[in-house]
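Using the sequences provided together with the hints, build the complete structure.
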Amino acid sequence: MSKLVVSNLSINRAELPVVSSLDIAVESGAISVVLGSNGAGKTTLLEGLSGIIPVASGSIAIDGREIQKARPGVRSREGLAHVEQGRTVFRQLTTEENLRVSLHSGSDLAEAYALFPELVQRRTVKASLLSGGEQQMLVIARALLTRPKVLLIDEMSAGLAPVIVTRLMSAVRKLADNGLAVLLVEQFAALALSIGNRAYVMRRGRVVHDGDCMKLLKSPDELHRLYLGG
Amino acid sequence: MNALLTSAVAGLTAGGTYALLGVCAVFTYRLVAVVNFTGAAIGTAGTFVLIALYEAGFPLWPSVLAGIAAGTVVGVAIGFIMTRWFGEASASTKAAVTVALLVGIIAIGLRLTGGQHPHNMPELFPGSAFRMAGVEVTIASVLTIGLAALFTILADLFLNNTKVGLNLRALADRPMAAELLGIRVQMLSLLVWGMTGAFTTFALMIIAPQRSPNFMTLSLLVVPALAAALVGLFRSFWRTLAGGIGLGLVEGMASSVDSVSQYRSAIPFLVVLAVLLWSQREARWDEAR
Ligand SMILES: Nc1ncnc2c1ncn2[C@@H]1O[C@H](COP(=O)(O)OP(=O)(O)OP(=O)(O)O)[C@@H](O)[C@H]1O
Ligand SMILES: [Mg+2]
Numbered sequence: 125m126s127k128l129v130v131s132n133l134s135i136n137r138a139e140l141p142v143v144s145s146l147d148i149a150v151e152s153g154a155i156s157v158v159l160g161s162n163g164a165g166k167t168t169l170l171e172g173l174s175g176i177i178p179v180a181s182g183s184i185a186i187d188g189r190e191i192q193k194a195r196p197g198v199r200s201r202e203g204l205a206h207v208e209q210g211r212t213v214f215r216q217l218t219t220e221e222n223l224r225v226s227l228h229s230g231s232d233l234a235e236a237y238a239l240f241p242e243l244v245q246r247r248t249v250k251a252s253l254l255s256g257g258e259q260q261m262l263v264i265a266r267a268l269l270t271r272p273k274v275l276l277i278d279e280m281s282a283g284l285a286p287v288i289v290t291r292l293m294s295a296v297r298k299l300a301d302n303g304l305a306v307l308l309v310e311q312f313a314a315l316a317l318s319i320g321n322r323a324y325v326m327r328r329g330r331v332v333h334d335g336d337c338m339k340l341l342k343s344p345d346e347l348h349r350l351y352l353g354g
Numbered sequence: 002m003n004a005l006l007t008s009a010v011a012g013l014t015a016g017g018t019y020a021l022l023g024v025c026a027v028f029t030y031r032l033v034a035v036v037n038f039t040g041a042a043i044g045t046a047g048t049f050v051l052i053a054l055y056e057a058g059f060p061l062w063p064s065v066l067a068g069i070a071a072g073t074v075v076g077v078a079i080g081f082i083m084t085r086w087f088g089e090a091s092a093s094t095k096a097a098v099t100v101a102l103l104v105g106i107i108a109i110g111l112r113l114t115g116g117q118h119p120h121n122m123p124e125l126f127p128g129s130a131f132r133m134a135g136v137e138v139t140i141a142s143v144l145t146i147g148l149a150a151l152f153t154i155l156a157d158l159f160l161n162n163t164k165v166g167l168n169l170r171a172l173a174d175r176p177m178a179a180e181l182l183g184i185r186v187q188m189l190s191l192l193v194w195g196m197t198g199a200f201t202t203f204a205l206m207i208i209a210p211q212r213s214p215n216f217m218t219l220s221l222l223v224v225p226a227l228a229a230a231l232v233g234l235f236r237s238f239w240r241t242l243a244g245g246i247g248l249g250l251v252e253g254m255a256s257s258v259d260s261v262s263q264y265r266s267a268i269p270f271l272v273v274l275a276v277l278l279w280s281q282r283e284a285r286w287d288e289a290r
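So the sequences go chain by chain: A and B. Going by our numbering, the first sequence opens with residue 125, and the numbers climb by one from there. Going by our numbering, the second sequence opens with residue 2, and the numbers climb by one from there.
The set of hints was computed from the structure by calculation and includes no laboratory data. Glycine is no exception: its CB is placed at the ideal position from the N, C-alpha and C atoms. Treat the hints loosely; a few may be bogus.
Claimed, not checked - Below 30 Å or equal to it, Euclidean Cα-Cα: the simulated DSS-like pairs (lysine-lysine) are:
| id | chain 1 | residue 1 | chain 2 | residue 2 |
| --- | --- | --- | --- | --- |
| 1 | A | Lys193 | B | Lys95 |
| 2 | A | Lys273 | B | Lys164 |
| 3 | A | Lys250 | B | Lys164 |
| 4 | A | Lys193 | B | Lys164 |
What the hints assert, rightly or not - Reference excerpt, derived from the structure (chain A facing chain B, CB under 8 Å, subset only):
| id | residue |
| --- | --- |
| 5 | Leu217 |
| 6 | Glu221 |
| 7 | Leu299 |
See the structure below:
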């Protein structure tokens, strides 16, 4: 059975439906990629999953346990981690303090530094002074230390140089290979599809495509058509 | 000259209380992002539990502890209202809510304590600690100032050296990100409310005998406290501390000068105005550069 199962999920924003009757699944050890143009509802979907905003109807289950009514903190303790859009580091805290906030009895700072050795020499630097790439590494590492079963990542490549994006993508692939279930939201498709397993394309709050990442990667025309509609 | 000094020193106790209440206000603002107008009212509620028990014949110190416990509970209750129903509200909405709560608490407090009816408030720390320039400095004033400094130092140590303190700083920085990491946000916020409730109550117990111990006047001590917090721009504990003491001293001196003494309750207002104008000027200076 899939680690994360989302069925028939609808989410409203300001009373208007933004996500409608959506079905999505993520397996352990796999990356499900969610693509879609601006305003398709990707961020809304992730915020509904992690509990930042309430869902209107439908269910969200981790290992078969429904969590759609729980507060964000409870969902986190059930094994869900959400790396938000916009690199939400604790600005006034140092790199290491950011990591220590999410340190649990079962986790170790060394895991974070093993994933991103770049952060070691930035340990005592205030997070607001890190580069964009470093901040993105920090929020991913921080989420990892909560020992999640499912990791949601929203637009981690936004505004970053291609070489950094490649670096982040390979780190995320490594996490999935170690058994994590990853739901990766991206606007720029090619790289995400190259590391992902299952691909969903969203348009106006609905899933308009559900298939294999490799297949979609090899047919750019199909992808283009899905993005633009028609 | 000596008369002026005497009255300045007499203002120290009030100054220490303003400082302690102000530091608690800054603590609350920095950690749970609420400009709390109920600060002094929370302490007043605890103080009146002490008065009621004392008047009923209970021994003093157990009554003090019971009063502090009561103040803590009232603080947590208000914190619960603020986090449960107004957690997502803007800073100004939250401040407005605490003003409304203040009005409610004063109304209930006056009703329960018999309005202007005089109460027998025991002096917890009678006597003078030492003489300074020929003037008696009371134990109460040394204690309130000491307590304010202690709170400042402890808050600093606590925030910078413990895991709970670290979580609190994270919470103050980005509440949602903290909650997404599984931090028990609500419990932490209530801890802040409880801690400030306890300290505030003790401060008010010390100052109550020197004021008319009536629920409303004590609750309105929040005005000079917030003025002190403003001197610290709601960020710096030490500047708030200095602001509170300074306010007490100026108030004390004003009370000895006949022509201004009846306006001395306006002093916090003048301080607020001065700080606001000054910080405006600084902002304009920043823009100009
Ligand atoms: N706070 C809000 N209040 C009301 N409507 C909102 C709010 N946030 C987003 N929306 C609307 O919801 C829709 C989906 O927005 P969302 O941010 O989920 O899209 P997205 O797919 O993440 O886009 P992007 O790729 O630009 O990040 C948009 O039409 C947007 O206008
Ligand atoms: Mg988005």
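What's the verdict on lysine 193 of chain A and lysine 164 of chain B, does the C-alpha distance respect the 30 Å limit or exceed it?
29 Å, holds
Would the stated hint for glutamate 221 of chain A survive a check requiring a Cβ distance to chain B of less than 8 Å?
6 Å, holds
Mind checking the CB of leucine 299 of chain A against every CB in chain B and telling me if the closest is under 8 Å?
Since chain B brings no Cβ nearer than about 17 Å to leucine 299 of chain A, farther than 8 Å, the hint is violated.
Distance restraint between lysine 250 of chain A and lysine 164 of chain B, which requires alpha-carbon spacing of 30 Å or less:
The given pair, whose Cα atoms are some 18 Å apart, holds under the 30 Å limit.
Closest C-beta approach of leucine 217 of chain A to chain B relative to 8 Å, hint status
6 Å, holds
Distance restraint between lysine 273 of chain A and lysine 164 of chain B, which requires alpha-carbon spacing of 30 Å or less
24 Å, holds
Agreement of lysine 193 of chain A and lysine 95 of chain B with the hint, judged by alpha carbon distance not exceeding 30 Å:
26 Å, holds
Checked against the numbered hints above, the structure breaks only hint 7 and satisfies the rest.
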